[in-house]
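Asks: Each chain is listed here by its residues.
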Amino acid sequence: RKEVEQDPGPFNVPEGATVAFNCTYSNSASQSFFWYRQDCRKEPKLLMSVYSSGNEDGRFTAQLNRASQYISLLIRDSKLSDSATYLCVAEGGAGSYQLTFGKGTKLSVIP
Amino acid sequence: GAVVSQHPSWVICKSGTSVKIECRSLDFQATTMFWYRQFPKQSLMLMATSNEGSKATYEQGVEKDKFLINHASLTLSTLTVTSAHPEDSSFYICSARDAGTGASPLHFGNGTRLTVT
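Protein sequences, first through last, are from chains S and R. Position 88 of the first sequence, counted from 1, bears residue number 88 in my numbering, the numbering being contiguous throughout. Count along the second sequence from 1, then add 111; that gives the number in my numbering.
For reference, chain S alone in the conformation it holds in the complex:
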């Protein structure tokens, strides 16, 4: 069974803190990985893709370890607006576009 596992949280952090989320995936054939952000009762929105070499977008850094089948997301200088659920997503390999979603990690940034 293809699964993506995440710590559901919640992570309650003060403004300005650095917080890291981890995710593991079971399908070794997965080719692409993403972090999505989902606000309460809203659709997921793409936060960033995750590349093997690691990638950074402003305060957000994503890393992938294929050997350990492990993905991470680091958020620096947390803002109140970062409060949301963060979904780890793995895309199947061999031409398959099927995405497997983790259950999400809830983040609450506190003033």
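A hint or two may mislead.
In silico lysine to any residue, SDA-like type, Cα no more than 25 Å apart, as pairs [stated by the list, open to error]: (1) S:K45 - R:D176; (2) S:K103 - R:G127; (3) S:K45 - R:G127; (4) S:K45 - R:M156; (5) S:K103 - R:E163; (6) S:K42 - R:F178.
Ranges between beta-carbon positions, derived for each pair [claimed, not checked]: (7) R:S129 - S:Q98: 24 to 30 Å; (8) R:K152 - S:K79: 23 to 29 Å; (9) S:Y51 - R:N162: 28 to 34 Å.
It is worth saying that the hints were derived from the structure and are not from the lab. Every residue gets a Cβ at the ideal spot worked out from N, C-alpha and C, and that includes glycine.
Using the hints provided, position chain R relative to the given structure of chain S.
Replies: For chain R alone, coordinates are given in the frame of chain S:
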């Protein structure tokens, strides 16, 4: 950027009625669209893959006769929940990828919150 429009955003219906949800790609063509369902505090679960001009592919455990999918054009897919029951109450989300840009990320519709009374 690419946008996927989903309608309606929310619907309340009586048990036994049918509900149709539309998913449109507004500025790109999508030969494939995906339908997901999300129960509270759960992850998105793929229900079916909608293929333009052909039959949808349903995931295991999803009743194709209950969740009718039609993908009549490159920009529109519809999901009809037939004879809805309270246990069908959920958040339904469609997504699509721009067929012309290879491995681009999926774009999601805004979702439809269905409540069956």
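Asks: Please go over all the hints and tell whether each is borne out by the structure.
Replies: Hints and how they fare:
1. S:K45 - R:D176: Answer violated: K45 (chain S) to D176 (chain R) is near 30 Å, above 25 Å.
2. S:K103 - R:G127: Status violated; Cα separation ~30 Å.
3. S:K45 - R:G127: violated (33 Å)
4. S:K45 - R:M156: This hinted pair holds, its Cα atoms lying about 16 Å apart.
5. S:K103 - R:E163: Not OK: K103 (chain S) and E163 (chain R) at ~29 Å, beyond 25 Å, violated.
6. S:K42 - R:F178: Holds, at about 22 Å.
7. R:S129 - S:Q98: 24 to 30 Å: holds (27 Å)
8. R:K152 - S:K79: 23 to 29 Å: Given a distance of about 24 Å, which is inside 23 to 29 Å, the answer is holds.
9. S:Y51 - R:N162: 28 to 34 Å: Cβ of Y51 (chain S) to Cβ of N162 (chain R): about 29 Å, so the range 28 to 34 Å holds.
When the structure is compared with the earlier hints, violations turn up for hints 1, 2, 3 and 5 and for no others.
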